[in-house]
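Chemist: The lines below spell out each chain.
Protein chains: 2
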Amino acid sequence: MAVISLSRRLRRTAFSDGVEAAGVKGYTVYNHMLLPTVFRSIEEDYHHLKTAVQVWDVACERQVELRGPDAGRLMQMLTPRDLRGMLPGQCYYVPIVDETGGMLNDPVAVKLAEDRWWISIADSDLLFWVKGIAYGYRLDVLVDEPDVSPLAVQGPLADDLMARVFGESVRDVRFFRFGWFDFQGRSLAVARSGYSKQGGFEIYVEGSDIAMPLWNALMEAGRDLDVHAGCPNLIERIESGLLSYGNDMTRANTPHECGLGRFCNTQTAIGCVGRDALLRVASEGPLKQIRPVAIEGGPVPPCDRPWPLMDGQLQVGQVTSATWSPDFETNVAIGMVRITHWEAGTDLDVVLPDGTVRPAVVNGVFWN
Amino acid sequence: MAVISLSRRLRRTAFSDGVEAAGVKGYTVYNHMLLPTVFRSIEEDYHHLKTAVQVWDVACERQVELRGPDAGRLMQMLTPRDLRGMLPGQCYYVPIVDETGGMLNDPVAVKLAEDRWWISIADSDLLFWVKGIAYGYRLDVLVDEPDVSPLAVQGPLADDLMARVFGESVRDVRFFRFGWFDFQGRSLAVARSGYSKQGGFEIYVEGSDIAMPLWNALMEAGRDLDVHAGCPNLIERIESGLLSYGNDMTRANTPHECGLGRFCNTQTAIGCVGRDALLRVASEGPLKQIRPVAIEGGPVPPCDRPWPLMDGQLQVGQVTSATWSPDFETNVAIGMVRITHWEAGTDLDVVLPDGTVRPAVVNGVFWN
Chain A
1 MAVISLSRRL RRTAFSDGVE AAGVKGYTVY NHMLLPTVFR SIEEDYHHLK
51 TAVQVWDVAC ERQVELRGPD AGRLMQMLTP RDLRGMLPGQ CYYVPIVDET
101 GGMLNDPVAV KLAEDRWWIS IADSDLLFWV KGIAYGYRLD VLVDEPDVSP
151 LAVQGPLADD LMARVFGESV RDVRFFRFGW FDFQGRSLAV ARSGYSKQGG
201 FEIYVEGSDI AMPLWNALME AGRDLDVHAG CPNLIERIES GLLSYGNDMT
251 RANTPHECGL GRFCNTQTAI GCVGRDALLR VASEGPLKQI RPVAIEGGPV
301 PPCDRPWPLM DGQLQVGQVT SATWSPDFET NVAIGMVRIT HWEAGTDLDV
351 VLPDGTVRPA VVNGVFWN
Chain B
1 MAVISLSRRL RRTAFSDGVE AAGVKGYTVY NHMLLPTVFR SIEEDYHHLK
51 TAVQVWDVAC ERQVELRGPD AGRLMQMLTP RDLRGMLPGQ CYYVPIVDET
101 GGMLNDPVAV KLAEDRWWIS IADSDLLFWV KGIAYGYRLD VLVDEPDVSP
151 LAVQGPLADD LMARVFGESV RDVRFFRFGW FDFQGRSLAV ARSGYSKQGG
201 FEIYVEGSDI AMPLWNALME AGRDLDVHAG CPNLIERIES GLLSYGNDMT
251 RANTPHECGL GRFCNTQTAI GCVGRDALLR VASEGPLKQI RPVAIEGGPV
301 PPCDRPWPLM DGQLQVGQVT SATWSPDFET NVAIGMVRIT HWEAGTDLDV
351 VLPDGTVRPA VVNGVFWN
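Here the protein sequences come in this chain order: A and B.
Counting from 1, one number per residue, gives the positions in the first sequence under our numbering.
Counting from 1, one number per residue, gives the positions in the second sequence under our numbering.
For the record, the hints were derived by calculation from the structure and aren't laboratory data.
It is possible that some hints are incorrect.
Pairs count within a copy or across copies, as identical chains cannot be separated in the list.
When the alpha-carbon atoms are kept at most 20 Å apart in a straight line, the in silico SDA-like pairs for lysine to any residue are as follows [said to hold, decoys possible]: (1) Lys50 <-> Pro359; (2) Lys50 <-> Gly297; (3) Lys111 <-> Arg358; (4) Lys288 <-> Phe183; (5) Lys25 <-> Pro302; (6) Lys197 <-> Arg11; (7) Lys25 <-> Lys111; (8) Lys50 <-> Lys111; (9) Lys25 <-> Leu6; (10) Lys288 <-> Thr268; (11) Lys111 <-> Leu314; (12) Lys288 <-> Tyr195; (13) Lys50 <-> Phe39; (14) Lys111 <-> Thr346.
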């Protein structure tokens with residue numbers, strides 16, 4: 001196992017001191033920033049996430065802030081999702097595509113006000129695209145990366161922990177909505193969202209100076225709830241079918257191939273970049289699409305490259321995320337499968353990097 | 001020491017099989033791709049780089065290709081360096097700035113033809129910015145990431161090794177020029193360039209299928225030259241004053257602050273984004289600038305965050321890269337220092353993350 005060589009370029013976060021004190025054992029890099037991957041073991045973290053509550057440093061979900069008279073126009077240019085009905089206080093999952101309809105990012109848009117938005121991004125420098133578009137169209141809008149560091153509180157006991165720190169009314173925040181809650185005199189946006197299916201919140205911590213005080217307050221308040229430092233968990237996120245930009249989809253894919261067609265209103269999203277390119281696939285559907293895939297046999301190795309999915313000698317897709325699931329006692333995986341082979345129950349073979357071949361089955365639904 | 005968690009999102013390169021077989025021990029992530037950081041030890045790699053020849057997987061220097069009638073116009077929009085005199089066959093180091101004059105990348109532009117360029121990028125998704133500008137200005141140009149993987153051959157014996165694989169005429173390639181050389185029937189651009197001051201070449205390997213054949217051919221041909229797999233070396237690059245985007249400079253810095261004023265022709269680079277913002281700093285000079293800094297005492301820890309440079313209680317700069325140099329028997333460092341304190345010989349203090357304070361001196365020149 002190779003170590004990660006630290007440098008300023010792999011940015012520490014406002015919570016890194018807490019993460020280190022909690023004994024982080026592995027990292028990935030996400031938006032040029034450190035993202036923890038494991039604390040005790042991936043499997044131990046997984047069981048704990050499903051039964052208790054965890055605090056996650058997801059500061060790497062950087063924000064792209066749009067501010068000014070053209071902020072709303074620019075936001076609609078970025079996504080084929082129709083934003084006309086969206087209100088301040090709402091969060092929308094928005095595919096962002098380039099002029100060819102290829103995915104550039106799959107962030108959550110946070111509408112703070114009619115003229116102010118945060119885009120909470122996946123792993124690509126979306127800021128560069130947004131700045132380029134704003135400049136090219138001479139829009140009257142400021143585009144920048146603010147000092148905002150998301151902190152996630154995830155797990156079945158998340159509501160209890162959050163209520164102790166932010167008050168009982170935090171329980172009333174609805175899914176993909178956010179409210180403003182006070183912490184040490186600072187008003188913070190708290191959304192019911194997060195990269196797990198175990199329930200919980202994301203706190204948009206504005207101002208690095210209160211990051212560690214908040215981290216410590218959550219750890220202190222949750223001691224009897226068995227709160228632990230955690231992180232997005234590979235097993236849980238695959239079981240839950242939570243896609244990962246760069247893993248399960250890239251710029252080569254349309255939103256429809258990623259199963260995100262329900263977030264595209266290509267006809268009505270007037271002014272959206274990539275609209276022309278997406279109209280046909282929006283009406284006819286894609287030729288390949290993301291599917292849950294179960295891989296037979298014992299635990300597979302880390303999926304560090306696409307694994308071909310075969311029907312005999314014919315490649316009909318690829319697996320892009322995979323791991324052993326202790327709860328479901330199979331290898332759970334996410335794959336992109338051709339239309340001819342994507343029906344639930346289809347038997348395929350997957351070829352691992354060492355050349356071994358494993359039976360695999362296309363599933364109808366994800367596990368969680 | 002934390003491990004790096006591998007996933008498809010941290011892309012393998014066309015040379016990863018060779019890198020693994022050579023026993024890579026550490027990685028960083030660069031342009032969403034694995035970049036080796038150490039093979040035997042950083043110090044052993046360093047001594048070897050200075051005396052023999054190494055083959056480096058720098059495929060993470062991804063290319064942004066510009067192709068079409070507006071390619072030249074777009075290229076000039078991207079940089080304050082005047083490109084009018086540049087000929088096909090030349091490489092230019094080009095600062096790329098946004099509309100505020102902030103650095104977005106510090107790549108090498110490779111002019112293949114009047115209407116075809118590669119931009120060999122540092123660690124940011126420059127593709128997104130270039131695509132945004134091209135779209136916003138409705139330019140007649142294709143912008144994409146081609147299947148081109150740079151492989152560097154660096155060290156004092158680089159000419160000898162390259163001549164064995166590409167023929168004697170490769171010795172005639174001049175600094176920051178490239179020529180076309182044949183390998184297994186494929187014509188490859190070979191430039192005299194690279195991220196060390198030990199001399200050598202970068203081969204723009206077009207087509208992943210010939211990547212490992214070339215890697216193996218170089219390893220085979222150089223056996224008696226003691227060729228080894230290597231990588232950009234932290235010690236050598238700091239001694240040589242080779243800047244690293246994301247470490248020594250960010251979007252917060254102008255090219256002039258980075259000492260790259262000599263690559264800016266802000267008056268004559270007509271059409272360049274950020275020209276207005278840079279005109280004043282181009283004529284008056286910056287308020288802070290990158291300097292070599294020597295830090296006294298024994299080896300410093302890894303520089304994973306900016307270290308404040310102090311004059312008493314006053315912060316006058318920061319160190320952004322630092323390491324112990326065996327050859328110069330001091331800690332070599334790169335810092336950004338205010339105009340009031342940047343003269344060679346200025347005595348400062350540097351504050352390490354654990355709170356300890358070390359004497360530091362601003363140097364007049366880098367070490368190599």
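Chemist: It remains to establish, for every hint, whether it holds in the given structure.
Modeler: Taking the hints in turn, this is what the structure says about them:
1. Lys50 <-> Pro359: neither (29 Å within a copy, 50 Å between copies)
2. Lys50 <-> Gly297: Classified as neither: same-chain Cα gap 24 Å, cross-chain 49 Å, threshold 20 Å.
3. Lys111 <-> Arg358: Neither way: Lys111 and Arg358 sit 45 Å apart in one copy and 47 Å across, limit 20 Å.
4. Lys288 <-> Phe183: Neither. Shortest intra-copy (46 Å) and inter-copy (37 Å) distances fail the 20 Å Cα cut-off.
5. Lys25 <-> Pro302: both (16 Å within a copy, 18 Å between copies)
6. Lys197 <-> Arg11: The answer is neither: 28 Å in one copy and 27 Å across copies each exceed 20 Å.
7. Lys25 <-> Lys111: Classified as neither: same-chain Cα gap 35 Å, cross-chain 44 Å, threshold 20 Å.
8. Lys50 <-> Lys111: neither (30 Å within a copy, 55 Å between copies)
9. Lys25 <-> Leu6: Classified as both; 14 Å inside a copy, 13 Å across copies.
10. Lys288 <-> Thr268: neither (24 Å within a copy, 50 Å between copies)
11. Lys111 <-> Leu314: neither (46 Å within a copy, 40 Å between copies)
12. Lys288 <-> Tyr195: Cα proximity of Lys288 and Tyr195: none, with 25 Å in one copy and 41 Å across.
13. Lys50 <-> Phe39: within (15 Å within a copy, 39 Å between copies)
14. Lys111 <-> Thr346: The answer is neither: 42 Å in one copy and 49 Å across copies each exceed 20 Å.
Hints 1, 2, 3, 4, 6, 7, 8, 10, 11, 12, 14 from the earlier list are contradicted by this structure; the remaining hints agree with it.
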